[in-house]
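Visitor: Now for the letters of each chain:
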Amino acid sequence: MSNRVKKGWLLLLVILGIVFLPTGEAAAQQGQVTQPAPDRAAIDRGGVAYQKYGCFVCHGSGGAGGVRNKNAITAEQVAGLIKVAEGYTIPELRQKILEGMLIIQKKDPKGPTPPLSMPSFRGSEEELNDLVAYVVSLDTPPSVVSTTRPPVPASMLGKGNCRVCHAAVVKQFESNIHAKAWPEEDSRSDIATTCAVCHGDGDRHAQNPSDLRTIIRFNDVSSASAHDKNAACLACHERGLRFSWRGSAHESRDMVCADCHKIMAPASDRRLLAKQQEMEVCFQCHQVRRAQLQRTSHMPLREAKVTCTDCHNPHGTTAEKLLSADSVNETCYKCHAEKRGPFLWEHPPVAESCLNCHEPHGSNHASLLKSERPRLCQRCHIEARHPTTPQPVASRFVFNRSCQNCHSQIHGSNHPSGVRFQR
Amino acid sequence: MKRRITLRALIGALTAALMLAASGGLVRAQTIKNGHVEIGQQRLEGDRSSSKFEEYRHIPSGLFLNRLYLNLGDQKNHRYFQLWATRPAQENQSVFLQTGLTGKVALEVQWDQTPHFLSMTGRSLFAPSTAGVFTLPTQTRQDLNKLVTTDTNPAVAGVQPDMTAIGNLVNGTARGFDLRTQRKTGKVLLRYTPAQEWDVRLQYSVENRTGSKPLGTNFGFNSTELPEPIDYRTQELKASSEYATKRWDARFAYTNAAFNNDVKALVWDNPFITVEKVASPSRGRLASFPDNTAQNLAFAGAINLPKASRLATTVSYGWRRQNEPFLPLTINSAVAALSTYPALPATSLSGKVNILNTNITLTSRPYRRVSVNARYRLYDYANKTPSLTFAKYVSYDNGLSGDARRSLPIAHTRQNAGLDVGWQFSRGASLKVGYGWENWERTYRDAPKVDEQTLQAALNLTPTNWFVLRTSYARSDRKTHEYDAEEHVAHFTYPQGESGLGQISELRKYDMAARTRDRVMAVAQVTPVDVLSFSASVGYANDDFTKSAYGLLGDRNNNVSFEVSYNPVARFALFTNYTREDYKYQQKSRQRTPASGSNPANDKPANDWQSDLADKANTFEAGIDGVLINNRLDTTLSYALSDVKGTIATRTLGATDLVTTAANYPDTKSKIHQVAAALRYHLSDSVTPRLEYRYERYEATHFAQQNLNPFMGAVDSGTSSSAFLGATQPGYKAHIISFLIGYWF
Numbered sequence: 372m373s374n375r376v377k378k379g380w381l382l383l384l385v386i387l388g389i390v391f392l393p394t395g396e397a398a399a400q401q402g403q404v405t406q407p408a409p410d411r412a413a414i415d416r417g418g419v420a421y422q423k424y425g426c427f428v429c430h431g432s433g434g435a436g437g438v439r440n441k442n443a444i445t446a447e448q449v450a451g452l453i454k455v456a457e458g459y460t461i462p463e464l465r466q467k468i469l470e471g472m473l474i475i476q477k478k479d480p481k482g483p484t485p486p487l488s489m490p491s492f493r494g495s496e497e498e499l500n501d502l503v504a505y506v507v508s509l510d511t512p513p514s515v516v517s518t519t520r521p522p523v524p525a526s527m528l529g530k531g532n533c534r535v536c537h538a539a540v541v542k543q544f545e546s547n548i549h550a551k552a553w554p555e556e557d558s559r560s561d562i563a564t565t566c567a568v569c570h571g572d573g574d575r576h577a578q579n580p581s582d583l584r585t586i587i588r589f590n591d592v593s594s595a596s597a598h599d600k601n602a603a604c605l606a607c608h609e610r611g612l613r614f615s616w617r618g619s620a621h622e623s624r625d626m627v628c629a630d631c632h633k634i635m636a637p638a639s640d641r642r643l644l645a646k647q648q649e650m651e652v653c654f655q656c657h658q659v660r661r662a663q664l665q666r667t668s669h670m671p672l673r674e675a676k677v678t679c680t681d682c683h684n685p686h687g688t689t690a691e692k693l694l695s696a697d698s699v700n701e702t703c704y705k706c707h708a709e710k711r712g713p714f715l716w717e718h719p720p721v722a723e724s725c726l727n728c729h730e731p732h733g734s735n736h737a738s739l740l741k742s743e744r745p746r747l748c749q750r751c752h753i754e755a756r757h758p759t760t761p762q763p764v765a766s767r768f769v770f771n772r773s774c775q776n777c778h779s780q781i782h783g784s785n786h787p788s789g790v791r792f793q794r
Numbered sequence: 003m004k005r006r007i008t009l010r011a012l013i014g015a016l017t018a019a020l021m022l023a024a025s026g027g028l029v030r031a032q033t034i035k036n037g038h039v040e041i042g043q044q045r046l047e048g049d050r051s052s053s054k055f056e057e058y059r060h061i062p063s064g065l066f067l068n069r070l071y072l073n074l075g076d077q078k079n080h081r082y083f084q085l086w087a088t089r090p091a092q093e094n095q096s097v098f099l100q101t102g103l104t105g106k107v108a109l110e111v112q113w114d115q116t117p118h119f120l121s122m123t124g125r126s127l128f129a130p131s132t133a134g135v136f137t138l139p140t141q142t143r144q145d146l147n148k149l150v151t152t153d154t155n156p157a158v159a160g161v162q163p164d165m166t167a168i169g170n171l172v173n174g175t176a177r178g179f180d181l182r183t184q185r186k187t188g189k190v191l192l193r194y195t196p197a198q199e200w201d202v203r204l205q206y207s208v209e210n211r212t213g214s215k216p217l218g219t220n221f222g223f224n225s226t227e228l229p230e231p232i233d234y235r236t237q238e239l240k241a242s243s244e245y246a247t248k249r250w251d252a253r254f255a256y257t258n259a260a261f262n263n264d265v266k267a268l269v270w271d272n273p274f275i276t277v278e279k280v281a282s283p284s285r286g287r288l289a290s291f292p293d294n295t296a297q298n299l300a301f302a303g304a305i306n307l308p309k310a311s312r313l314a315t316t317v318s319y320g321w322r323r324q325n326e327p328f329l330p331l332t333i334n335s336a337v338a339a340l341s342t343y344p345a346l347p348a349t350s351l352s353g354k355v356n357i358l359n360t361n362i363t364l365t366s367r368p369y370r371r372v373s374v375n376a377r378y379r380l381y382d383y384a385n386k387t388p389s390l391t392f393a394k395y396v397s398y399d400n401g402l403s404g405d406a407r408r409s410l411p412i413a414h415t416r417q418n419a420g421l422d423v424g425w426q427f428s429r430g431a432s433l434k435v436g437y438g439w440e441n442w443e444r445t446y447r448d449a450p451k452v453d454e455q456t457l458q459a460a461l462n463l464t465p466t467n468w469f470v471l472r473t474s475y476a477r478s479d480r481k482t483h484e485y486d487a488e489e490h491v492a493h494f495t496y497p498q499g500e501s502g503l504g505q506i507s508e509l510r511k512y513d514m515a516a517r518t519r520d521r522v523m524a525v526a527q528v529t530p531v532d533v534l535s536f537s538a539s540v541g542y543a544n545d546d547f548t549k550s551a552y553g554l555l556g557d558r559n560n561n562v563s564f565e566v567s568y569n570p571v572a573r574f575a576l577f578t579n580y581t582r583e584d585y586k587y588q589q590k591s592r593q594r595t596p597a598s599g600s601n602p603a604n605d606k607p608a609n610d611w612q613s614d615l616a617d618k619a620n621t622f623e624a625g626i627d628g629v630l631i632n633n634r635l636d637t638t639l640s641y642a643l644s645d646v647k648g649t650i651a652t653r654t655l656g657a658t659d660l661v662t663t664a665a666n667y668p669d670t671k672s673k674i675h676q677v678a679a680a681l682r683y684h685l686s687d688s689v690t691p692r693l694e695y696r697y698e699r700y701e702a703t704h705f706a707q708q709n710l711n712p713f714m715g716a717v718d719s720g721t722s723s724s725a726f727l728g729a730t731q732p733g734y735k736a737h738i739i740s741f742l743i744g745y746w747f
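For the protein sequence lines, the chains are A and B, in the order given. Here the working numbering runs 371 ahead of the position in the first sequence, where the first position is 1. Here the working numbering runs 2 ahead of the position in the second sequence, where the first position is 1.
Please keep in mind that the hints were generated in silico from the structure rather than gathered at the bench. Glycine is no exception: its CB is placed at the ideal position from the N, C-alpha and C atoms. It is possible that part of the hints are untrue.
Claimed, not checked - Cβ-Cβ distance ranges computed for the label pairs, FRET-style: (1) B:P668 <-> A:K477: 50 to 58 Å; (2) A:K477 <-> B:S51: 21 to 29 Å; (3) A:D591 <-> B:F574: 47 to 55 Å; (4) B:I362 <-> A:G437: 46 to 54 Å.
Said to hold, decoys possible - No more than 20 Å apart at the CA atoms, straight line, and that leaves these computed lysine-lysine pairs for PhoX-like: (5) B:K434 <-> A:K692; (6) A:K441 <-> A:K542; (7) A:K710 <-> B:K386; (8) A:K676 <-> B:K189; (9) B:K215 <-> A:K710; (10) A:K741 <-> B:K586; (11) B:K35 <-> A:K542.
Take these sequences, add in the hints, and give me the full structure.
Guide: As structure tokens, then:
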């Protein structure tokens, strides 16, 4: 039999299978999903329970679904309930509602925890039966969506009830440094007010979770402005390193705290950073700096012995370039205190700014110099004789340490005869 | 002695920590919450005979402890104790410990060691000396002296020594050693929070830096490069307190820092002269970095006002002091015995610099979509060091100069002011315009007053959740109100302009010169779908020194970067980034010779020359992160390259009668390849062995390091009486194979 003939038989079998396959209704009749005859009264009572226990908040009116649940395996949405009966038996459905779904499977295993989860059912046995009947009855989407949303049950409002829908997130939060700062059992706070400290009052959000304006979110889909998002953090943190945040370079570029910090799912061991390494956080925008660190002349940043915040305070400072010290030189003196002086003989550009000669982020020239010697020195020294000659490459003025073969004390000399930085 | 003090300080700090831990009940009721330990076995292969391989790191071969993490705490998370250790017990170890009662008291103890390997090809006639005294056997010096003073070709004017013989003796006598330094830093921070609003901190740190590094010394144009012994200790004590409410914030800080150098001077024998005479120094002496202290008292206060306004101010006052006793003018006893040998004007500098730094900032949002920032800053570097006049001085321990010298306490005051207005004209879109002013007033510098004005605009766009664009442009105009090129000469002549040509009058030094500056920057981040993110940035900067006829004329650079991350399925991710940078400089000079005897000075435009310098850098990285067997085996592969090329082109600009050496220098090149591969097997939730392979190749070509040897007479015949270290940093190729087992508990 040729391949073509084989394929023809296969195609015929598939078509026959489709035509003569038992329908869902027939399968149900055969006992695959055994459903009782619809009890209109039970369905109606179940609809009341569906509202009473707030199922509609996430599953939507009439079980339409569609509420966003980031990184949930169900297309990042809360699943709808239409035709749920086709996937569950009645006992399975009862069990599901009774136990809830506290852990929602992730779409991306390395991604964030889906924020919404399903609480376990707390109603009576009768209400559970009615609810099951109602859910099973949902076989078509509601033709008309009510414009007036039913009121959210009290159990989802007020203090302590964020975990009704966000159990996994709340659990994750318990190990967060912020939870330690606002312990739940502390009389000052409970979990709702802890969440509200940053996200604002959650009641409006519980009533309409799809509306982004009802709560302060810190992710990209938030409708809050950068200022509003940052205000939530600054309410507690506008002190210490954040003293000069307002008006700082990063604030003026509409950056938000959450661009660098991931409060709920930090990637770093310390400081709740969005990346495992602090430098990687900075490199998200400062890509050239990442390249400069690979230069032959570099500080030990790529060896993780120095990091960006050893010199800079990204939260704002009063000095240039977000330097954490009062000036460029005072920043450098943290590690190079020997060059602090004052010296008897000062080299003026050195005393004013190390950046006149050095590029601290990495250089192709020795000692992090901005340019090659002797040309770097010859930019300012046009007096006479050897500093003014171009100098051949095979010369003591060029090879090895160039000008510093003799003028080694270029950062300043304290020797009475060191006027030319040779002693 | 110094080490004992450091050790005592650390032991004291640790004792205090333990006492605190005991009294505060930090240890009580603690249980191990989780932890991680990783050990490994490593093998190194390849040609690793370069200091660049372990420049700032230590890569052991054999068994080693790679990481340790311990997290202890009580059930309520009130008490905590965490310990991180990286490469413990190795030369580059780092240990960080934090413990405390949440919200009440915290103690952090940190210990870090950072090696800095400078060269492993260094060779010196001298044996390394930790005291800074370098001596040579008399016989060696006599032999060298004989060689450099014996004329092998009387037909040619001047002494023509046997360069080969000198080279053989210098290179043959020089002994090799490593040039490296090691920083050891200990830090203790105690933080106490008496109330939620109140924060008190006390911090002490000590750093010891030891080892040796190359240092150039000279007798005239004859160089003697030495392995300078480094024995520094830097200590800092900082106390601060902050009280912050929702309405206002006030804080005080006091810092006291001290630098001590145990090697006060370097003394070395002149390898080529044995008998000390005037104009014939047999020894040299150089002053090392002097001890210094710095104190700073700072206050910062802020008040939050209506309309989301905040008024903040900081005031700090600092004192820097340096009073190391002066060395004599020379070590040359013959010079010191001269009747005209002068007394020093002071026994030490009494160096005093006081720094006042004040800032005031007002930020406000008068309307919800409008922000206003106004700021003023004053940084006053007041140098109170006395100006000392030395009746004579001694050039390189050679002989008494007939000229006096006067030290000048350079000082400056810098003021900045600015106003920015931001307008959020749409959701996720804002425009900011600003004006900035900077003023420098300098004492004893060429340009006593410089003003710079800057106009800038920035546009921030986040119209959707998948697109971010930030752009900015700034234009600055710096004006130098007056410029006195002769002020430069005042720094090394007294009375000013005693002889020679002085500084060329049309030079404008680039840190003070009139300048227009343009800066353009744009960063875009695009995430069209969850699995793909793209970011790119461009930058352009141009400094045009509009009034400079000599010196640096232009400084221009531009860069382009992009970064892509593609994560099509949960088990596979690909990332890459690339950056290209171009740097260009243009500078102009003139070869000049002063009048000498009957020869007049030669100082004319025909001897002008110009150099164009450029650096081009390409940096690339790409890698994949993949799961081979779900929850069992995953892998990471990456490759990184940094490739930089530098050029220096030099040419004359006219019919020169003096410049003979204007030629292009050979290109400088450096290239670093890094390949990394890792295979991780998740044996269980708590045990993960991994196999790593790393290949590194570093290549460098630099004209300044070509053919470097202790004796360089074959390169420059003028160095017959010089001895260098020949310290280079050649390329290397290294294979690092590691097997590590991580255990989480």
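Visitor: Could you check the structure against the hints above and give me the numbers of any it violates, in ascending order?
Guide: Violated hints (numbers, rising): 2 and 3; every other hint is consistent with the structure.
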